[in-house]
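Chemist: Turn these sequences into a full structure, and let the hints guide you.
Protein chains: 2
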Amino acid sequence: MRFLRYFAAMLLAFGSPICPVHAQTQPAASHWITLGTQGGPIPVPKRSQPANVLLTGDGAYLVDAGDGAAEQLAKAGVPLAQLKAVVISHLHFDHTAGLLGILGLRYQTNIYTPLTIYGPPGTKQLVDGLLAAMLPTAKSGYGMPGSPYVDPGQGIEVVELRDGANFRLGAARVVAAKNTHYSFAPGSDDDRAFESLSYRFELPDRVIVYSGDTGPSDKFQAIARDADLLVVEMIDVERTLQEIRRTSPNLPEPAAKALETHLRTHHLTGEDVGKLAGLAHAKAVVVTHLSAPEATGDVLVEYLRQIGAHYPGPVVIARDLEEF
Amino acid sequence: MRFLRYFAAMLLAFGSPICPVHAQTQPAASHWITLGTQGGPIPVPKRSQPANVLLTGDGAYLVDAGDGAAEQLAKAGVPLAQLKAVVISHLHFDHTAGLLGILGLRYQTNIYTPLTIYGPPGTKQLVDGLLAAMLPTAKSGYGMPGSPYVDPGQGIEVVELRDGANFRLGAARVVAAKNTHYSFAPGSDDDRAFESLSYRFELPDRVIVYSGDTGPSDKFQAIARDADLLVVEMIDVERTLQEIRRTSPNLPEPAAKALETHLRTHHLTGEDVGKLAGLAHAKAVVVTHLSAPEATGDVLVEYLRQIGAHYPGPVVIARDLEEF
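First to last, the protein sequences are chains A and B.
Numbers in our numbering are just positions in the first sequence, counted from 1, shifted up by 31.
Numbers in our numbering are just positions in the second sequence, counted from 1, shifted up by 31.
Any given hint could turn out to be false.
Same chains, same label: a pair holds when it works inside one copy or across any pair of copies.
Unchecked claim - Listed next, the in silico DSBU-like pairs over lysine-lysine satisfying Cα-Cα at most 35 Å (straight line):
1. LYS314 x LYS170
2. LYS170 x LYS306
3. LYS288 x LYS170
4. LYS155 x LYS170
Rather than coming from a laboratory, the hints here were simulated on the basis of the structure.
Values in this document were obtained by computation on a predicted structure and should not be read as measured data.
Modeler: The following block contains the structure:
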């Protein structure tokens, strides 16, 4: 009994002992919450735009930041003060529009703790613009004469990533891979300037891989290898085109054609998702970034059939605020 | 009968006749929808942050743009393409964080129609920062080689307003009044640089007055005179301070004191709302910008009692997506 007390005191004083103790060596369970599961850019009533939060034993990490991400975090019960980093897959506004809310509402609630924003080339220009936009508000503060001025950039760091980059988020190692959401000619100026990234999160308890937006991609498939959880985008091309024709009846023909090509080559169909998950030997698949406005009932069954034809494992079509 | 047909044809050709015809002279009914009824800056799960949409016969006008305003518009059934203007009361981020979503998602859905953003001094710097933040996304477009570049500022105009300014939104005349949400010394540099505005919307069918954020204010009371609908902020100081102590336990004492002074002088209590509505002879009151995290049931009854002690007219404590 005395030994046990001594041992407990040692644990408290020095952390994990050398000899394994079950309760201490079990890694903290990670949680992945889909905050927004609707691919943009057209806002819809029933699903929020792309955002996720990864909770580990050491912090909260926002993965993409669609419109209203701060409010989705509140719905998931994650206070802004817990956020340690934001990881952006690419700069389309359905994945970034919520970033002003994250930065602005943190600032306005006096949260100046370090926040690192990881993202592809261009992320620094995005964040610099937002910090510039925040200046008049920062200068006026709460409208109290003589209040001290705090730089909106205090605590904010931006790390731009390219294909193959890796970095740490607490105990996790993260690897970025350039995917095929953009199709600029390899080696062109645009190809060098812009990247859309997928991420592999190697956590103490499991591996989670997030596609961001991509078409079929060898590099994405490579980082998806043996993922415990593959969080992957999926498009429903036909229903999406129908919706765009309905909401933008005056879209000029060249823009409509370009959009159709974009949809067909820069995203994954159900068949693509199934093939990719099968080849990567993913242990479970979470489908997100839905594109049809009301994907419920029979439509979801159709998606599961398309994926299941090529992938034998479990597949969940995610809803907003689902926890994995 | 022939006369009636002739008369109808004249109506179609020349609009309203001189003599009144009921069906023609009834002005289009306006609608005010509370998109977000929670005062920020702390995001909460059950109410969105300040935003409203005013629908008239000639367009949709967003009045304040809290986090997730684009998605709240979708929930209200208002497509982004219908937005003709945004009217900002002041630059605190709970009233502006959704603006990146409005600009970015419009842009990404090829909506380049004119959008005028009205707001106090500093609004141009806010919008310029956001447009700068949008540049890398605009340059990469949908990742299609050779796609034409469109300036993110195309169609976007900013009009900065000061106390007493007036402007037109379609058939409506709008008047701005500097309120007391900021308390910089009159005539000081900060007082000249920053204004928080309330707005009076003189529509063909009625007058709607929106407080934005303000403490007791003669100028606000003056523009609220005889309003058919007075949409007004209200704070619950005690419950708000409790919540801030809970969510920000490490807030330094000077910041906490400044915040308490801000809450007590820059916002309206239930008693203030009742007095102001009574003195202005408002015909109905809509309370918004709630500050306690869970204002339901008994708490709402308490608010109605506080207001009702000084104002005999109808009062609604608004919920998100309520239409007036």
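Chemist: Which holds for LYS170 with LYS306 at a C-alpha limit of 35 Å: within a copy, between copies, both or neither?
Modeler: between (53 Å within a copy, 32 Å between copies)
Chemist: Between copies, within a copy, both or neither: which fits LYS314 and LYS170 at Cα up to 35 Å?
Modeler: neither (51 Å within a copy, 38 Å between copies)
Chemist: Is it within, between, both or neither when you check LYS155 against LYS170 at 35 Å Cα-Cα?
Modeler: both (22 Å within a copy, 14 Å between copies)
Chemist: With 35 Å as the alpha-carbon cut-off, assign the pair LYS288 and LYS170 to within, between, both or neither.
Modeler: between (46 Å within a copy, 19 Å between copies)
The earlier numbered hint that this structure contradicts is number 1, and it is the only one.
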